[in-house]
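Protein chains: 2
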Amino acid sequence: MKEVANTLRSAKRILMSLHRQPDGDSIGSTLAVAVGLRRLGCQVTVASPDPVPHAYDFLPGVETILSWRDVAVGQFDLVALYDCADERRTGAPRPLREYAPKILNVDHHATNSRFGDVVFVDPVAAASAELANRTLELLGVTVDRDLALLLYVGLETDTGGFRYASTTPESHRLAARFLDAGIDPGEVSELVYERQSVGGLRLLGLALDSLRVRPDLSLAYFVLGDDAFAEAGATAQDAETIGIVDYARRLEGIEVAALLRSDGPGEVKLSLRSKGQVNVAELASRVGGGGHERAAGATIMGDLAKAEEVLLSLLAGR
Amino acid sequence: MKEVANTLRSAKRILMSLHRQPDGDSIGSTLAVAVGLRRLGCQVTVASPDPVPHAYDFLPGVETILSWRDVAVGQFDLVALYDCADERRTGAPRPLREYAPKILNVDHHATNSRFGDVVFVDPVAAASAELANRTLELLGVTVDRDLALLLYVGLETDTGGFRYASTTPESHRLAARFLDAGIDPGEVSELVYERQSVGGLRLLGLALDSLRVRPDLSLAYFVLGDDAFAEAGATAQDAETIGIVDYARRLEGIEVAALLRSDGPGEVKLSLRSKGQVNVAELASRVGGGGHERAAGATIMGDLAKAEEVLLSLLAGR
Numbered sequence: 006m007k008e009v010a011n012t013l014r015s016a017k018r019i020l021m022s023l024h025r026q027p028d029g030d031s032i033g034s035t036l037a038v039a040v041g042l043r044r045l046g047c048q049v050t051v052a053s054p055d056p057v058p059h060a061y062d063f064l065p066g067v068e069t070i071l072s073w074r075d076v077a078v079g080q081f082d083l084v085a086l087y088d089c090a091d092e093r094r095t096g097a098p099r100p101l102r103e104y105a106p107k108i109l110n111v112d113h114h115a116t117n118s119r120f121g122d123v124v125f126v127d128p129v130a131a132a133s134a135e136l137a138n139r140t141l142e143l144l145g146v147t148v149d150r151d152l153a154l155l156l157y158v159g160l161e162t163d164t165g166g167f168r169y170a171s172t173t174p175e176s177h178r179l180a181a182r183f184l185d186a187g188i189d190p191g192e193v194s195e196l197v198y199e200r201q202s203v204g205g206l207r208l209l210g211l212a213l214d215s216l217r218v219r220p221d222l223s224l225a226y227f228v229l230g231d232d233a234f235a236e237a238g239a240t241a242q243d244a245e246t247i248g249i250v251d252y253a254r255r256l257e258g259i260e261v262a263a264l265l266r267s268d269g270p271g272e273v274k275l276s277l278r279s280k281g282q283v284n285v286a287e288l289a290s291r292v293g294g295g296g297h298e299r300a301a302g303a304t305i306m307g308d309l310a311k312a313e314e315v316l317l318s319l320l321a322g323r
Numbered sequence: 006m007k008e009v010a011n012t013l014r015s016a017k018r019i020l021m022s023l024h025r026q027p028d029g030d031s032i033g034s035t036l037a038v039a040v041g042l043r044r045l046g047c048q049v050t051v052a053s054p055d056p057v058p059h060a061y062d063f064l065p066g067v068e069t070i071l072s073w074r075d076v077a078v079g080q081f082d083l084v085a086l087y088d089c090a091d092e093r094r095t096g097a098p099r100p101l102r103e104y105a106p107k108i109l110n111v112d113h114h115a116t117n118s119r120f121g122d123v124v125f126v127d128p129v130a131a132a133s134a135e136l137a138n139r140t141l142e143l144l145g146v147t148v149d150r151d152l153a154l155l156l157y158v159g160l161e162t163d164t165g166g167f168r169y170a171s172t173t174p175e176s177h178r179l180a181a182r183f184l185d186a187g188i189d190p191g192e193v194s195e196l197v198y199e200r201q202s203v204g205g206l207r208l209l210g211l212a213l214d215s216l217r218v219r220p221d222l223s224l225a226y227f228v229l230g231d232d233a234f235a236e237a238g239a240t241a242q243d244a245e246t247i248g249i250v251d252y253a254r255r256l257e258g259i260e261v262a263a264l265l266r267s268d269g270p271g272e273v274k275l276s277l278r279s280k281g282q283v284n285v286a287e288l289a290s291r292v293g294g295g296g297h298e299r300a301a302g303a304t305i306m307g308d309l310a311k312a313e314e315v316l317l318s319l320l321a322g323r
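Each protein sequence line maps, in turn, to chains A and B. Heads up: take any position in the first sequence, counting from 1, add 5, and you land on my numbering. Heads up: take any position in the second sequence, counting from 1, add 5, and you land on my numbering.
Next comes chain A alone, as it looks inside the complex:
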């Protein structure tokens, strides 16, 4: 981790990036390091391949995030990435090497591809925000309320409210310090979780109405056609935000949860979740998809009925 701090310290013009469909940890950990480095006099540009979700639009520094389209190559000493498991996750239009001569890769995903020149991967960390906090400590940046807010949101969201197995005693000790720095957890929850759209909630209702349970396969799944989005007045972003597939995972006796949703004509997006006994990354890979043991996905060519057949045969064949 000292090499991480030294690498950042020796750069003047730094380019950072969120990952595709940025979540609280991508935004929180990246912005915390960016804001901290700016206080030390660095020029830091933060790019993103996708818009920042509404839930995180209140975070300090979020207004400085640029689209990759607006970032020129060759203007930087260093590309510094937090929470990007591989180079493609940045969504950069050109190879990262063209933007700067050096690449720093800091992450907590065990699946990190170890790309870049300086690599620090700590899979024990519950969130990249923990690694961003360590970086700021080594850089001598005081974690004031703004930085604590960024780090807390990263930590809180990536641990699902400190509920996931990845949560460690250290995660809680860090959270205690962020609260000491002035974070009001109720206020943050209201901003992150209580500004949902009516369309998203109606879409969740339609998804729940479509619930299909196959106890013989320990499978529960939802099916959403194109018409569901129109009927609910919801966007694909709403479907992500509200975490539809997780509702099926919470059922007793269910090991695998799935969501099938139309994604344009002749294409169905499959999302898979597991309680831990079934490796859904392996299942997804059989139909050209990928992901993690507990959360994976794939795109299936065909209509919903075809995709449902594929899903059932995947589960029957495991």
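Some clues are possibly wrong.
Since the list gives no way to pick one copy over another, a pair counts as held whenever it fits inside one copy or between any two copies.
List of simulated lysine to aspartate or glutamate pairs, EDC-like, C-alpha gap at most 16 Å [claimed, not checked]:
no.	residue 1	residue 2
1	K280	E195
2	K17	D62
3	K7	D189
4	K280	D189
5	K274	E314
6	K280	E199
Quick caveat, the hints were computed from the structure, so don't treat them as lab data. Since the model is a prediction, treat every value here as computed from it, not as a measurement.
Once you have looked at the hints, place chain B on chain A.
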């Protein structure tokens, strides 16, 4: 708090009670103290007015909980209560004074009526589990994995995964110590949150389908008829467990969320939740109900259409 420990230490036969519709904190804090006292050689009986919800049936000591029906008066030195804001919350069939000459009342609810002989109310504590932990410390009982599990579940559930405004740095420091004692947060989440019933999920779907939004009143609400429970194959317990009314509270721009549900012929149960700006206890009291500022309820005589009128006029008149 020393007087609490001394009171417990000087009793031999102790009666404890959960509160009506016991939640994770009632069960966790009460059982932690009961299990700890038993280790010190006390005879501890734990009574409950209602069955322990399925979500908590794995907790150590839960098998020792009796129905109040099976508890005789005059057999005890002390009634010791954690998390019971008033005497009626225990659901005891007879006045507590008939069960024992002394009553101990330990709680974190600011609304606690201060009944009993020895009273310790700390509204800064995020959960009664924090007070149970302090009690065990003073009694010299080591918090091993079993006790940590009880206390962790009390703390985790009563703070909504450390998300509520009531969460303090101390809550996180305690959680860190419970994890140090061997708690696996992922395992606990799976047991508490991921054993939901299909009926409950279908009921949530029907509730979401009934969503009505009144932006002019900052109100969003659900309406569930008797037929909904039958159609979903769900029980009133399912409706509580899944926290239906909270889904409306999470909408952007909404200050008050409500659920109207048929509760037998000619009776409608109204549940109210607030984000904080509106005192729903005050609203509920206007129709003979009560509760807390952010969570309250009432029973309205009449059919659902009548109850909906009452709800709308309550909000319009505030």
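Structure-based check of all given hints:
In this assembly of identical chains, K280 and E195 lie within 16 Å of each other by CA distance solely across copies; the values are 8 Å between and 28 Å within a copy. In the homo-oligomer, the alpha carbons of K17 and D62 never lie at most 16 Å apart, since the shortest distance is 27 Å inside one protomer and 57 Å across protomers. Taking the shortest Cα distances, K7 and D189 never come within 16 Å of each other, neither inside one copy (31 Å) nor across copies (31 Å). In the homo-oligomer, the alpha carbons of K280 and D189 lie at most 16 Å apart only across protomers (14 Å), although the nearest pairing inside one protomer, at 31 Å, exceeds that limit.
In this assembly of identical chains, K274 and E314 lie within 16 Å of each other by CA distance solely inside one copy; the values are 14 Å within and 43 Å between copies. For the identical chains of this complex, K280 and E199 are inter-copy neighbours only, at 9 Å across copies versus 26 Å inside a copy, given an alpha-carbon limit of 16 Å.
Checked against the numbered hints given earlier, this structure breaks hints 2, 3; the rest are met.
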